[in-house]
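Chains as they are written, first to last, in our numbering: chain P, 9 to 348; chain R, 9 to 348; chain A, 9 to 348; chain G, 9 to 348.
Calculated from the structure, these hints are not laboratory results. The reader is advised that the hints may include incorrect statements.
If chains are identical, the list can't say which one is meant, so a pair holds when it fits in one copy or spans any two.
As the list claims (entries may be wrong) - Using 27 Å as the maximum straight-line C-alpha spacing, the simulated DSSO-like pairs for lysine-lysine come out as follows:
id : residue 1 : residue 2
1  : 11        : 131
2  : 175       : 260
3  : 11        : 260
4  : 271       : 58
5  : 58        : 11
6  : 48        : 210
7  : 90        : 131
8  : 260       : 210
9  : 58        : 210
10 : 260       : 131
11 : 58        : 260
Single-letter residue listing:
Protein chains: 4
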Amino acid sequence: MVKVGIAGGSGYGGAELLHILLRHPEAQIRWVSAERNAGKAVADVYPHLKGFLNLTFSSIQDLPGRDLDVLFLGLPHGQAMKLVPGLPAGLRVIDLSGDFRLADPQVFEEYYGFAPEATEIQKDFVYGLPEINRESIRSARRVANPGCFATATILALYPLYRAGWIKGPVFVDAKTGSSGAGNSPTAGTHHPRRTNSLFPYKPFRHQHLPEIRQALGGDEADRRNHLVFQTYSAPFVRGIFSSHYMEIETPKDSDEVRELYMKYYGRDRFIRWVGATPDVNFVRHSNFVDLGAACDGPYLVVWSALDNLQKGAAGQAIQNMNLMFGFPEETGLELAPVHP
Amino acid sequence: MVKVGIAGGSGYGGAELLHILLRHPEAQIRWVSAERNAGKAVADVYPHLKGFLNLTFSSIQDLPGRDLDVLFLGLPHGQAMKLVPGLPAGLRVIDLSGDFRLADPQVFEEYYGFAPEATEIQKDFVYGLPEINRESIRSARRVANPGCFATATILALYPLYRAGWIKGPVFVDAKTGSSGAGNSPTAGTHHPRRTNSLFPYKPFRHQHLPEIRQALGGDEADRRNHLVFQTYSAPFVRGIFSSHYMEIETPKDSDEVRELYMKYYGRDRFIRWVGATPDVNFVRHSNFVDLGAACDGPYLVVWSALDNLQKGAAGQAIQNMNLMFGFPEETGLELAPVHP
Amino acid sequence: MVKVGIAGGSGYGGAELLHILLRHPEAQIRWVSAERNAGKAVADVYPHLKGFLNLTFSSIQDLPGRDLDVLFLGLPHGQAMKLVPGLPAGLRVIDLSGDFRLADPQVFEEYYGFAPEATEIQKDFVYGLPEINRESIRSARRVANPGCFATATILALYPLYRAGWIKGPVFVDAKTGSSGAGNSPTAGTHHPRRTNSLFPYKPFRHQHLPEIRQALGGDEADRRNHLVFQTYSAPFVRGIFSSHYMEIETPKDSDEVRELYMKYYGRDRFIRWVGATPDVNFVRHSNFVDLGAACDGPYLVVWSALDNLQKGAAGQAIQNMNLMFGFPEETGLELAPVHP
Amino acid sequence: MVKVGIAGGSGYGGAELLHILLRHPEAQIRWVSAERNAGKAVADVYPHLKGFLNLTFSSIQDLPGRDLDVLFLGLPHGQAMKLVPGLPAGLRVIDLSGDFRLADPQVFEEYYGFAPEATEIQKDFVYGLPEINRESIRSARRVANPGCFATATILALYPLYRAGWIKGPVFVDAKTGSSGAGNSPTAGTHHPRRTNSLFPYKPFRHQHLPEIRQALGGDEADRRNHLVFQTYSAPFVRGIFSSHYMEIETPKDSDEVRELYMKYYGRDRFIRWVGATPDVNFVRHSNFVDLGAACDGPYLVVWSALDNLQKGAAGQAIQNMNLMFGFPEETGLELAPVHP
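All chains should be modelled from the sequences, with the hints used to inform the complete structure.
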């Protein structure tokens, strides 16, 4: 049994990690911290977990000396970079924040608004998107778990960038549910305001943009096919739904598009090709990404739908853990999406 | 034109007052304060009002010397009682808080958690529920505007208490939309938590209970028919839907029930008898209260549905203003509910 | 492995059965019918199940000759009573409809609007509420699975009726989510109408009322403590939230109330006592019933919250199957509720 | 007083017309038809209007001989083209369907799936988008009221097409609320399915596309800047939110973009420039279109948000009526959007 610790376990990502780990046959939750809730029972903070866990939230101060095989970090941006340098070398780390995703510290500072620390260990982190990076993850000791928007857009565009189909820029219209903002109430997640709304935020500057560019080929690829990335708040609770618009060099029909994606993802358990019928509603509470597309002559739209707390965060983190420890990739993640 | 001021205008009640006053033919908004937003344009705080108002939020400090005929108070509980004693005697006041609703200071302290001030002027305030108190309001200089739950329950029960139909206790199951909690984000109005939820709060102790008891006949009436009052948070944005259960002395059919209510409310513009089909959905953005009932032998349920920001707050406050200034009661409030 | 068939598998109850059975280690889905969708792949009707099932919906005509150990019936009211008499005696049956829940055919006709058939075999059916009926279910060959409202209210009131605490009538205010209406669109589940609404339906006459009365002690118990039962449509998707109001003979404090419930349900895996904090949000997608209560002198409210498609339908049906086949009761139902 | 008739008044567009006309000082509702609801009181079909209207729905058969100045047509596509040829020449007509919007009958057939009738009178219809077509509407006897998506996208793109700023194609990502599907329940508006969903429909082929192309300059303009148009269903009730992505010939800053729009719409009462903060939530229940934009070098996104039943249907129809009869354009439409 893998001995698991979670630092920053009282956010939605932490709660989702707990939910998945409870049913994971090869892992055991041994320690979980939450600064504001230190000393409280997990089930008091998350009433849905009552009866499932006898854990109490610790403080991060209590981490040293814990007997753990892997530590998940669900901390706010900027904290993992302070914590990781002091961790034992043998402790595997899966960081759900943006701290170690970007190779270029200047780009980090531009998008996160502060200079990164511990930049010398960034190269120890493998970008944890199994569908494009599986072998590196298997041998990694430290993994930077991708952002939710990044997962949706990289998986939607990777085959197209690799195949060189695109002509000119790509425009991304990416909508997130309210749980993506975390469990601290804000003006944008206030129920009376969010329920009947749809609005853009962070125009062209969401912090997930640079990790998408990096994964799709960096500056060189972006010069060929510039990525224009716009995020929106939508009034559902769970999910990312991203639309990717572009012109392509040679018109394709829908079978050819599907074949391209099957070539890259045909053996990936968590990717489903759904043609013209993607919907965040059909991936909820699962680790699946539903991909689809429609063509109109040389114009193409590719859609991706995922659950932001599963494939967009905790589910993918467990998928990475499974790879790192040699378990079947889908262990603990076999559940079908729920509906209604 | 009545010169109107609003102290505490950046909450939902204040915004609703502004919305109604904008279309009121006899009133003019002259001053509006909001401490946290002082100096900001109203339309920057409330983007839906962009293009309708050139007002800037003042501080309450700027009130002295303003030329106003009536002042609406949309302040948090406990502030009106500090402010009102210093106001000019000639300035009419309509207070939307609970500060001056209760005649008994001990009851106030029990339910609000702190001792009231300015108790000597409480008797200057008329309880502003026009359907049961119209004549007193007409001549009042100061009005305590009822609570949203109180309006729903008093109007549902008043004819029954007056007619002496009820046998034993009355059980009230009262559900509120999320806007009832105001425009400050809280755990209970966080979109991911509220959207799929229904939960009780303040078991049997909501602060609107004593004003309901007072309006229905006080301790004596309550000894005959004890009111058991329970509030719930529901996942709609606007509305109060209250169900009132009881046994009655003599079984009645639905026509007899309707007739009783028509006797009391038959000429009230804002009360509609809707039999078995009340719904918060059909009173939204209007000052109407839809009342209905169903009978089963000696058992009776009476339902009331209203918009908590209109008849439950700002709409009723304007209705009171109309009475105080001799305008037709429905002035500025003539709009039909909206749907869908 | 138990060989499972489902007749009427394209409704929400059927889809939920499939979802649970997919992760059930002792059961295998062998056959599923759906008249309107006969010939279609299950995953085309339920896109969330794509990749999990290779089944095609059959017609009920194809049932004879199937090698099955248990048949779940998810058919509209009135169809199971036509089908069951012709089934092989050795085939276990779990009926999710109301056809075989009521012992008295006159009561059935009064509430369902048509005369029942096959009344001679009604006595073969055990009422499948494990928490009050576990031993009978273990040895049953045929089980009538309770209604969603019935499960919520019986579990909330059973200890009180048994203990004889209640004085006078009990008033039930029961709210259901939109999925309770099934997957056929109707006026009451039309999104523009349902989203901001709360409204009563079937005043005092919901068809689940007689099965509640029957389970709580029948006419004799009802004469002592008459049950007044009112249902509402609420704007969440999943869940039943029921409030039960009453006077009790002797005032109790909250510990005494909890102890009473613990006495009856202390060893029931799927019942959680949550005091003053029940919420449909914290039982979603699980088989749990959260029970709580509040007291005010001799007045008591008891709350129950459950997921109408799990403990209110398919989850409870699987719980019954587990008992009938000697599996641990929670097999396949171990998942914690999801949140957010 | 203008004598108004409505054919097809029981849909959401018809109900919204009634709601606006009730407060219109220059118009009087004289006749309203609804085939399925003929003989029913309007308030029985639309309970929110109880107490406001004593009208009963007629059948379209009863139209001849009515003394009307203007007839609004809220009929399904294909019915206005059968009805209009038989109407008196002096009766002004405002058609909310797509029947008379398109000049080219072949294009109509391609997008609507059937051949149009009465094509010889199509040229009598003026396309009723006041902000680009005001003078023609003033003198029109017949107006084809634009589609909801069309209004959002034409207003967002018209200045850019006219100014010749755009380089290459324009990609439109257009989201609609559930009320856009009308008041007949369907699978896509079933509450359990719609509430947590976001999904594309009619890939690149929505029937509003050709009227957008026609308004923006027809085939010639489309050859220069091809419009790629994709529609989505979102889980709010009211609203269209459209995002328009493009490359522009010369990079502009946000002031230059705003100035371009002010040049075209600076005196239009119902257009508000809101920069980076458009939201369907802030135009609800009003006739406003909120426009905004963001730039990133040569890339531009323009947003439009409107209420699909107001500026997207009934509100715009009244705006057209006002122009046709010489009333101030905003008569009856002066209400500010509502929030929350």
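Hint-by-hint comparison with the structure:
1. Taking the shortest alpha-carbon separations for residue 11 and residue 131, only the intra-copy value of 25 Å comes in at or below 27 Å, while the best inter-copy value is 53 Å.
2. Proximity of residue 175 to residue 260 under the C-alpha cut-off of 27 Å is found in both arrangements, the shortest distances being 13 Å within a copy and 23 Å between copies.
3. In this assembly of identical chains, the alpha carbons of residue 11 and residue 260 never lie at most 27 Å apart, being 49 Å within a copy and 45 Å across copies at closest.
4. In this homomeric assembly, residue 271 and residue 58 come within 27 Å of each other (Cα to Cα) only across copies, at 19 Å, whereas the closest approach inside a single copy is 44 Å.
5. Taking the shortest alpha-carbon separations for residue 58 and residue 11, only the intra-copy value of 22 Å comes in at or below 27 Å, while the best inter-copy value is 33 Å.
6. Only between protomers do residue 48 and residue 210 lie at most 27 Å apart by alpha-carbon distance; the minimum there is 23 Å, versus 35 Å within a single protomer.
7. Only within a single protomer do residue 90 and residue 131 lie at most 27 Å apart by alpha-carbon distance; the minimum there is 16 Å, versus 62 Å between protomers.
8. Taking the closest pair of Cα atoms, residue 260 and residue 210 come within 27 Å of each other only across two copies (19 Å); inside a single copy the shortest separation is 33 Å, beyond that limit.
9. Taking identical chains as interchangeable, the C-alpha atoms of residue 58 and residue 210 lie at most 27 Å apart only when they sit on different chains, with a minimum of 22 Å there against 37 Å within one chain.
10. In this homomeric assembly, residue 260 and residue 131 never come within 27 Å of each other (Cα to Cα): the closest approach is 39 Å inside a single copy and 38 Å across copies.
11. Taking the shortest Cα distances, residue 58 and residue 260 sit within 27 Å of each other only across copies (25 Å), while inside one copy they are farther apart (52 Å).
Against the hints set out earlier in the document, violations occur for numbers 3 and 10.
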